[in-house]
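Listed below, chain by chain, are the residues.
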Amino acid sequence: MATFDFRTAQESARRASTLLMLGFLAMVLVIGAVIGTLGAVALHGEAVATTGVAAINPATVLGIAAAVVVGILAVALIRVAMLGNDGAKVAQSLGGKEVTEDTTNPYHRRYLNVVHEMAIAAGLPPPRAFVVKNEKGINAFAAGVDPSRAAVGVTHGALAKLNREELSGVVAHEMAHIAHRDTRLNTRLMGMVFGLVVLYWLGRAVMRSFIFRRWRGRDNRAVLPALALAIGLVVAGLLGVLCGRILQSAVSRRREALADAGAVQFTRNPRGLANALKKIGANADGSRVGNAHAEEARHLFFAEAAGGITGLFATHPPLVERIRALEPDFEPASDPIWRMDDHAILHETRAELTLGPWDRRSP
Amino acid sequence: MELIVIILIIAAVLGFGVILYNRLVRLRNAYVNAFAQIDVQLKRRHDLIPRLVEAVKGYMAHERETLEAVIEARNHAEKSREQLGGAVGDAAAMAQLSQAEGALGSALGRLFALSEAYPDLKASTNFLQFQEELTSTENRVAYSRQAYNDAAMAYNNAVETAPSNLVARQFGFQQVGMLEFADREVIQEAPDFSFR
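Just so you know, the sequences run in chain order D and H. Under numbering that gives the first Met the number 0, think of the first position of the first sequence as 0, with each following residue one higher. Under numbering that gives the first Met the number 0, think of the first position of the second sequence as 0, with each following residue one higher.
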């Protein structure tokens, strides 16, 4: 068995996440300061024009800066409240159908059992379990602000293409997100990014009103600094959104690495998770999710839900990197699972369900 | 002035002590809960087995002895479980339960090995369902033990390490035993999760 020191991985990822959150807050503070200065220049426009920078009142700068920071945070909080607390609602909005105890479908039965097993391993109450039908990609998600209102979901593809061991790894990864309160963190991050979006909207509105006034010919000397403020708002908002998205993705990538580590802690078995990731690499549909809401919930999923996103805006570390964290000598070119075709994958799961987990491939 | 400083220092030390004490209580509750969860899962396992035996009896009429051995091992394990009563008890009772569960595991292993010779049985939906339920139950037992051991280790670490060991000694927080996985290999002929 590959050795995987999950405790160290968790600690380092947690530290990095804290740093990124602080980075986000620092960014909001910087934006506040910039807008505060611009605002003070705008308010004392005439005085600045005659006496230079000395006329700027530090109290005005601070006041505007504080207002901007509080405003961004308030908008963020409202957005978080709007996103809601109930994991089941998120699961339903992503097209999930709940699996209940009375199911007779062997795939669903096994999935429900795995969810209960992983909840026990995590020491949490079992979350409600959902299946997203008509999705051939292999993916899963967790939602809900705390463990008592949590839900997990898997795609139809994950149930059809993963064996019991692999499904356990994937569900354990989602339980780790719930245990680490990642769903709550992600909601907060979405809220902060939204706060910056509103800043941009505000700046655009102010700018429009000034342009409008100039056209009406009511020009005066205060307009130029005020217009500078509006442009400042727009630029700060845009840059903020961009940096926010990058930070959000970076935080998400970190939390994914941490959840992989948590999954190994719960299953004590890196192989299941590693093989599930390999099957995403092997699977023609990868981890794609076609649902319209998948885009905004990208960071909730087990693996990239939208194709072709890499680098700074990726919410997940690259597949190969994630597998190598679990199996250091993994080579895609020579790996039998990574090279499996869809038919063989489907057949394997079906065979396991009829023959039982006794009959398993050697690692 | 000096008096205020002294009072502040005493308050800080007391406050820190309260935090450490509360942490120890939380960790103790966690492992007690985790142990109760093992009991729940063992009960589940013991409830499932008579139904399994009932379901396979028709197919495996010639294996009466094996089936009886399973039921007997199950009853013995259930009795040991009831004796322990779902609480962290004395080491002897816990060892006895662990042994009874091990015996039950090997009896079930024999039953499943024999089932290979009965294709009708292996193909029946009922048997497949039981196989899944039993696999899940074994996993739940294993994971609940693992969760208990994790919780017990976190608690033991707090009892042993500074500075919480001072509070632990003062208020009689004792170290607690970890569970052995003596019967694991036998049970886990099923999914071969490797436990370290």
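I should point out that these hints are in silico values taken from the structure, not numbers from a laboratory. All figures in this text were calculated on a predicted structure; none of them were measured in a lab. Do not rely on the hints blindly, as some may be mistaken.
In silico negatives: residues of chain H with every beta carbon more than 10 Å from chain D [stated by the list, open to error]:
1) Leu2
2) Tyr20
3) Gln36
4) Asp46
5) Glu53
6) His75
7) Thr134
8) Arg139
9) Tyr142
10) Ala146
11) Ala150
12) Asn155
13) Glu159
Result set (SDA-like, lysine to any residue): computed pairs, CA atoms no more than 25 Å apart in a straight line [said to hold, decoys possible]:
14) Lys121/H / Arg108/D
15) Lys56/H / Thr103/D
16) Lys42/H / Leu123/D
The beta carbon of each residue, even a glycine, is placed where N, CA and C say it ideally should be.
Here is what the structure says about each hint:
1. Leu2: For Leu2/H, whose nearest Cβ neighbour in chain D is about 39 Å away, the distance exceeds 10 Å, so it holds.
2. Tyr20: 22 Å, holds
3. Gln36: 6 Å, violated
4. Asp46: For Asp46/H, whose nearest Cβ neighbour in chain D is about 15 Å away, the distance exceeds 10 Å, so it holds.
5. Glu53: Per Cβ check, Glu53/H is outside 10 Å of chain D; nearest 19 Å; holds.
6. His75: 24 Å, holds
7. Thr134: Non-interface label fails for Thr134/H: nearest chain D Cβ at 6 Å, not farther than 10 Å.
8. Arg139: 5 Å, violated
9. Tyr142: Not fine: 4 Å to the nearest Cβ puts Tyr142/H too close to chain D.
10. Ala146: Contrary to the label, Ala146/H does not stay out of reach of chain D, its closest Cβ about 5 Å off (not over 10 Å).
11. Ala150: Since the minimum Cβ distance to chain D is about 7 Å, Ala150/H lies within 10 Å and the statement is violated.
12. Asn155: Per Cβ check, Asn155/H is outside 10 Å of chain D; nearest 16 Å; holds.
13. Glu159: Its Cβ never comes within 10 Å of chain D, the nearest being 17 Å, so this holds.
14. Lys121/H / Arg108/D: 18 Å, holds
15. Lys56/H / Thr103/D: Given that 25 Å is the threshold and the Cα spacing comes to 23 Å, the pair holds.
16. Lys42/H / Leu123/D: Judged against 25 Å, a Cα distance of about 19 Å means the pair holds.
Checked against the numbered hints listed earlier, the structure breaks hints 3, 7, 8, 9, 10, 11; every other hint is satisfied.
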